[in-house]
Amino acid sequence: MDFTTSKNDFYKGLQKVIGVIPSKTTIPILENILLELNENTLQLTGTDLEICVSTELKVNGVQNGSCTVPAKSLNDILRELPDVPLKLTLDEEGKLHLKTEKGFYKLMSQPKEEFPSIVVEESEGDMEIDNNFLSRMIDKTVFAVSHDELRPTLMGVYFQLNENEFRCVATDGHRLVRIANTAFRASEFQKSVIVPTKALNLISKNLESPSEKEDSKVKFSIGENHVIFRMTDTYVYSKVIEGQYPKYENVIPNNNDKKLVVNKDELASSVKRVSIFSNIITHQIKCSVEENSVRISSEDIEYGGEGNEVISAKYNDEPLDIGYNANYILDMLKHMDTEEIQFLLKDSVSAAIIYPIAQRPNEDLMMLIMPIRLND
Amino acid sequence: MTNRFKIMTKIKVLSEDLTNKIAAGEVVDRPAAVAKELLENSIDAGSDKITIILKDGGKALIQIVDNGTGMDREDAILSLQRHTTSKIFTYDDLHNIHSLGFRGEALASIASISRIELKTTTQKQTAGTLVRIDGGVIEDVSTTAGVRGTSIAVKNIFYNTPARRKFLKSNDAEYRYILNTLSRFTIYYHQIEFMLYHNDQLIFHYKPSAQSERLIEVLGARYQDKVIELNDSSTFVKISGYIGKQDASKKSRGNQYLYLNGRYIVNRSLNHAIVSAYGTIIPRDEYPLYVIFLELDPRRVDVNVHPSKMEVKFSDERLIYSILRSTVSKALASAHIIPHFTFKEADEAINLVRGVQTHMPLQGYESSRSYDIGQFISPDKPIGQPDPINSRAESQTKEESSFFERKNVWQIHNQYIISEIRSGIIIIDQHVAHERILYERALHNFEKRKPSSQQLLFPIIQELTPEDYSILNEILPYLEHLGFVIKGFGGNTVVIEGVPGDLKLGNEETILAEIIDEFKKNMNNSLDLRDNLAKSFSCKSAIKAGDKLTLTEMNMLIDQLFATQSPYFCPHGRPIIINISIDELNKRFHRT
Ligand SMILES: Nc1ncnc2c1ncn2[C@@H]1O[C@H](COP(=O)(O)OP(=O)(O)O)[C@@H](O)[C@H]1O
Ligand SMILES: [Mg+2]
Numbered sequence: 001m002d003f004t005t006s007k008n009d010f011y012k013g014l015q016k017v018i019g020v021i022p023s024k025t026t027i028p029i030l031e032n033i034l035l036e037l038n039e040n041t042l043q044l045t046g047t048d049l050e051i052c053v054s055t056e057l058k059v060n061g062v063q064n065g066s067c068t069v070p071a072k073s074l075n076d077i078l079r080e081l082p083d084v085p086l087k088l089t090l091d092e093e094g095k096l097h098l099k100t101e102k103g104f105y106k107l108m109s110q111p112k113e114e115f116p117s118i119v120v121e122e123s124e125g126d127m128e129i130d131n132n133f134l135s136r137m138i139d140k141t142v143f144a145v146s147h148d149e150l151r152p153t154l155m156g157v158y159f160q161l162n163e164n165e166f167r168c169v170a171t172d173g174h175r176l177v178r179i180a181n182t183a184f185r186a187s188e189f190q191k192s193v194i195v196p197t198k199a200l201n202l203i204s205k206n207l208e209s210p211s212e213k214e215d216s217k218v219k220f221s222i223g224e225n226h227v228i229f230r231m232t233d234t235y236v237y238s239k240v241i242e243g244q245y246p247k248y249e250n251v252i253p254n255n256n257d258k259k260l261v262v263n264k265d266e267l268a269s270s271v272k273r274v275s276i277f278s279n280i281i282t283h284q285i286k287c288s289v290e291e292n293s294v295r296i297s298s299e300d301i302e303y304g305g306e307g308n309e310v311i312s313a314k315y316n317d318e319p320l321d322i323g324y325n326a327n328y329i330l331d332m333l334k335h336m337d338t339e340e341i342q343f344l345l346k347d348s349v350s351a352a353i354i355y356p357i358a359q360r361p362n363e364d365l366m367m368l369i370m371p372i373r374l375n376d
Numbered sequence: 001m002t003n004r005f006k007i008m009t010k011i012k013v014l015s016e017d018l019t020n021k022i023a024a025g026e027v028v029d030r031p032a033a034v035a036k037e038l039l040e041n042s043i044d045a046g047s048d049k050i051t052i053i054l055k056d057g058g059k060a061l062i063q064i065v066d067n068g069t070g071m072d073r074e075d076a077i078l079s080l081q082r083h084t085t086s087k088i089f090t091y092d093d094l095h096n097i098h099s100l101g102f103r104g105e106a107l108a109s110i111a112s113i114s115r116i117e118l119k120t121t122t123q124k125q126t127a128g129t130l131v132r133i134d135g136g137v138i139e140d141v142s143t144t145a146g147v148r149g150t151s152i153a154v155k156n157i158f159y160n161t162p163a164r165r166k167f168l169k170s171n172d173a174e175y176r177y178i179l180n181t182l183s184r185f186t187i188y189y190h191q192i193e194f195m196l197y198h199n200d201q202l203i204f205h206y207k208p209s210a211q212s213e214r215l216i217e218v219l220g221a222r223y224q225d226k227v228i229e230l231n232d233s234s235t236f237v238k239i240s241g242y243i244g245k246q247d248a249s250k251k252s253r254g255n256q257y258l259y260l261n262g263r264y265i266v267n268r269s270l271n272h273a274i275v276s277a278y279g280t281i282i283p284r285d286e287y288p289l290y291v292i293f294l295e296l297d298p299r300r301v302d303v304n305v306h307p308s309k310m311e312v313k314f315s316d317e318r319l320i321y322s323i324l325r326s327t328v329s330k331a332l333a334s335a336h337i338i339p340h341f342t343f344k345e346a347d348e349a350i351n352l353v354r355g356v357q358t359h360m361p362l363q364g365y366e367s368s369r370s371y372d373i374g375q376f377i378s379p380d381k382p383i384g385q386p387d388p389i390n391s392r393a394e395s396q397t398k399e400e401s402s403f404f405e406r407k408n409v410w411q412i413h414n415q416y417i418i419s420e421i422r423s424g425i426i427i428i429d430q431h432v433a434h435e436r437i438l439y440e441r442a443l444h445n446f447e448k449r450k451p452s453s454q455q456l457l458f459p460i461i462q463e464l465t466p467e468d469y470s471i472l473n474e475i476l477p478y479l480e481h482l483g484f485v486i487k488g489f490g491g492n493t494v495v496i497e498g499v500p501g502d503l504k505l506g507n508e509e510t511i512l513a514e515i516i517d518e519f520k521k522n523m524n525n526s527l528d529l530r531d532n533l534a535k536s537f538s539c540k541s542a543i544k545a546g547d548k549l550t551l552t553e554m555n556m557l558i559d560q561l562f563a564t565q566s567p568y569f570c571p572h573g574r575p576i577i578i579n580i581s582i583d584e585l586n587k588r589f590h591r592t
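If you're matching them up, the sequences are chains Y and R in order. Per the working numbering: the first sequence ends with 376, consecutive numbering throughout. Per the working numbering: the second sequence ends with 592, consecutive numbering throughout.
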């Protein structure tokens, strides 16, 4: 293997895959990244056995070949180099030489044969989604997934391809987000899968990269137990999470008839301040909803701190005192784009539903948060 | 310590009246009791060298050879009769006892249930007396050649009362009882030379030595640097002796010695005074080491409560209780046996005292707005924790620095938290630390109104066995005080609608079943339902070994741990914190 490239090109390519490399693994080869040169195309591949990310970049190929090198060392040296031309060659002893005008480095390498072979399984249906549209769906949901290994099905976003909409759902059992887009239709092909959070984060990262144009599309296909997202020069292949996603529709209330409208930023900054004095573990705040105002308060019984703020609101129903985890509220507000938002409430122990004051065209975004039952 | 006793050479038969005032009772129930009585007599006789010879755990032979005053022929015979004593004469003397023996019944009692060979010589005599007595009947009195002192050999204890002989335990067990008894004397009488032979083997030979040396000789070298000296003669009760550091405590009551005027005594109330001074620095199921000598005007105490003379009655027990307790806690505090948990953070140290949390960063506040930012809680100062003056100074520096978080905190093996403190390092077991926090909070919550409860989006339906269901019913009111909302669902099925706000996400599904299981396991040994529930709950909902913690989480855990009543031990008695001092590290790296 022998090729030349520039530090910036090489480093950018590496950034697209490096995120998949497991930080802790019992299989050392997984700490390596696979380099494969074919003519003027260099393919970089990394995997943690669940997810595989691979990207292609243009280089000046001299001699075809392949090897795997420790991703961390490669990343570290590239990061420290200025944008200079690089020459990479693999010697007979299996060391990868990295030459710059001034420097010369050798990286230990292992042959491609040691690396797990990635068989990209045949998948049904090939769909195309707008780049920013997928990016938005992921961004709006991924924050609400569970990180708890005891409930694996909640550790990913539920992708639902329905006849007349594409839906993403995430929940950790205390809150839930549902976003649907009706512009995307899978009229011929309907399927639902749970996509692991890590894969989604990798996709998001790639979608943000400058090589992805505003109007480019992601090819997206679903197999028996995997999904593939193909972007301009990168694909992310991931196993899906097995198991039954909870029947979330059943727990979304439809009789929340008390309507509260507040300014999003005002609420967020009040909650942020007041929560400084909430219990450091439960982050519990109390929202006292009254006619045209919400009082947000907190009290840290253990350490004696207290916080109080009143913001104006639109509300004219019976007063309610509702407890919430401030972090859940803040997370949700961060992912709302309208200036005002609307809460639909029922009582102080039932789920609250939150909508942006106006939906985007073809979109339906809903968030739900379970309250904390306050002491009697 | 001086062994104060009156030497009275003439043995008097106690008057009828006096005899009645001394409650009769069995003195001798096992070989160890014989050894005790004989030793007391030898010590009362002013001996400075005592040899104990045992065969078969004392069942075949208990012989004590001393170099004390000895007895003349007449006294030797009298001593073996009931209620003969040379130590008190009148009822008033009974209230002014300086000797170990005074009841005049021990030798007679022993004589009646064994074969005794008594050989005794006084200083005045050149020849000694030999008395053989068999089941209380004098067989033979003769003159022998002798050196000053007395030798009493008690053979075949209970040979004539087979029923009682049957109650004796194995030779080994009886031997251990004797060892135990001997240690009470050998620790205290450090100027006396003691030798013990068992089945012709020399077991120990203690030469006269300083109190502190004798103590270690008897207890074992591993207690070398593990005791703190006590000394207080500022009140009417003079207190001296030694108490163990926390690593000298034991799972059994073994090393606890309390003496009153040279007599080993057993007193629950004073024991409590000592143990409670340790508070929570040792686990509940461990017993601190103590060897404490009380000296008190004999008139303020009644030792004649029981024939064994081990129980005493004080006229001012409550006063002595509090004096003793405060002396012990002062000694513990001044010895710094609790490390100063002062964390080193670059140049600034942060004290882990209650109230640290109130010094929260105030950034983000505009001065024109006024908020109630809560009262400063002044740190109360538990034993051994940093000086309040210090901590005040440090909190001021902290207020100036707008943000702090201990950075020198590390998690290893996803199981232990290590941190640097001024005096060295501490290692915290994350699971038991969290258990302690949750346990105390649970107990606290039982007393309070119901806490808040995180409602679940997907209520958890659980089917229980009838047994578990009935347990659940019993503990339900308390579970509600922990933050659970549980409703019946018909039959043995329940629905969990809400869980404690700080429960780790994902634990909801299994927690109830686990609590019930743990509760069942503890049901037999824990009587208090709440305590059991608090333990079961804390054990099952605490973070586990293997859970990865962020820096913030570790800091939170440490802060909360040190805000508990008992940060050193978990509710089950396992240690939470191990402290390794720089001194110890230096020692182990041979940097002296
Ligand atoms: N080892 C001894 N040396 C000298 N005198 C002894 C010894 N053992 C017993 N005596 C005498 O025998 C008496 C009776 O002993 P004992 O029955 O134990 O009664 P007490 O010790 O209560 O007086 C003692 O008062 C003491 O005078
Ligand atoms: Mg006696």
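Note that these hints are calculated values from the structure, not bench results. Because the structure is a prediction, the values reported are computed rather than measured. Note that CB positions come from ideal geometry on N, CA and C, so glycine has one too. Possibly wrong hints are sitting among the right ones.
[What the hints assert, rightly or not] Part of the chain R face toward chain Y, derived, beta carbon under 8 Å:
#1 Asn-445
#2 Gln-454
#3 Gln-455
#4 Leu-456
#5 Leu-457
#6 Phe-458
#7 Gln-462
#8 Pro-466
#9 Val-485
#10 Lys-487
#11 Gly-488
#12 Gly-491
#13 Glu-508
#14 Leu-529
#15 Arg-530
#16 Asp-531
[Claimed, not checked] Estimated spans, in silico, between C-beta atoms of each pair:
#17 Y:Gly-103 with R:Ser-581: 44 to 52 Å
#18 Y:Lys-258 with R:Gly-546: 53 to 61 Å
#19 Y:Pro-319 with R:Leu-319: 56 to 64 Å
These are the hints, each one checked on the structure:
The restraint placing Asn-445 (chain R) at the interface with chain Y is violated, with a minimum CB-CB distance near 10 Å, outside the 8 Å limit. Among the interface hints, the one on Gln-454 (chain R) holds; its C-beta lies about 5 Å from the nearest C-beta in chain Y, closer than the 8 Å criterion. A cut of 8 Å between beta carbons decides the hint on Gln-455 (chain R): the least distance to chain Y is about 4 Å, and the hint holds. Of the supplied interface hints, the one on Leu-456 (chain R) holds, with its beta-carbon coming within about 6 Å of a beta-carbon of chain Y, less than 8 Å.
At its closest, the beta carbon of Leu-457 (chain R) sits 5 Å from a beta carbon of chain Y; the interface hint therefore holds under the 8 Å criterion. With 8 Å as the threshold, the beta carbon of Phe-458 (chain R) comes within range of chain Y, its nearest partner Cβ sitting at about 5 Å, so the hint holds. With 8 Å as the threshold, the beta carbon of Gln-462 (chain R) stays out of range of chain Y, its nearest partner Cβ sitting at about 15 Å, so the hint is violated. Checking Pro-466 (chain R) against chain Y by beta carbon gives a least distance of about 27 Å; that is not within 8 Å, so the hint is violated.
Taken as an interface hint, Val-485 (chain R) checks out: its beta carbon lies about 6 Å from the nearest beta carbon of chain Y, inside 8 Å. Proximity of Lys-487 (chain R) to chain Y is violated relative to the hint, the smallest CB-CB distance being about 12 Å (cut-off 8 Å). A distance limit of 8 Å between C-beta atoms decides the matter here; for Gly-488 (chain R) the minimum to chain Y is near 17 Å, and the interface restraint is violated. Taken as an interface hint, Gly-491 (chain R) does not check out: its beta carbon lies about 22 Å from the nearest beta carbon of chain Y, beyond 8 Å.
Contact between Glu-508 (chain R) and chain Y, as hinted, is supported at the beta carbon level, the nearest pair being about 7 Å apart and thus within 8 Å. For Leu-529 (chain R), the interface hint is violated, since its Cβ never comes within 8 Å of a Cβ in chain Y; the closest pair sits about 22 Å apart. With its C-beta approaching chain Y no nearer than about 19 Å, Arg-530 (chain R) sits outside the 8 Å limit, and its interface hint is violated. The beta carbon of Asp-531 (chain R) is not positioned within 8 Å of any beta carbon in chain Y (closest approach about 22 Å), and the interface hint is therefore violated.
Separated by about 47 Å at the C-beta atoms, Gly-103 (chain Y) and Ser-581 (chain R) satisfy the suggested range of 44 to 52 Å. Between Lys-258 (chain Y) and Gly-546 (chain R) the beta carbon distance is about 44 Å. The supplied range of 53 to 61 Å is therefore violated. A hinted range of 56 to 64 Å holds for the C-beta pair Pro-319 (chain Y) and Leu-319 (chain R), which are about 60 Å apart.
Checked against the numbered hints given earlier, the structure breaks hints 1, 7, 8, 10, 11, 12, 14, 15, 16, 18 and satisfies all the rest.
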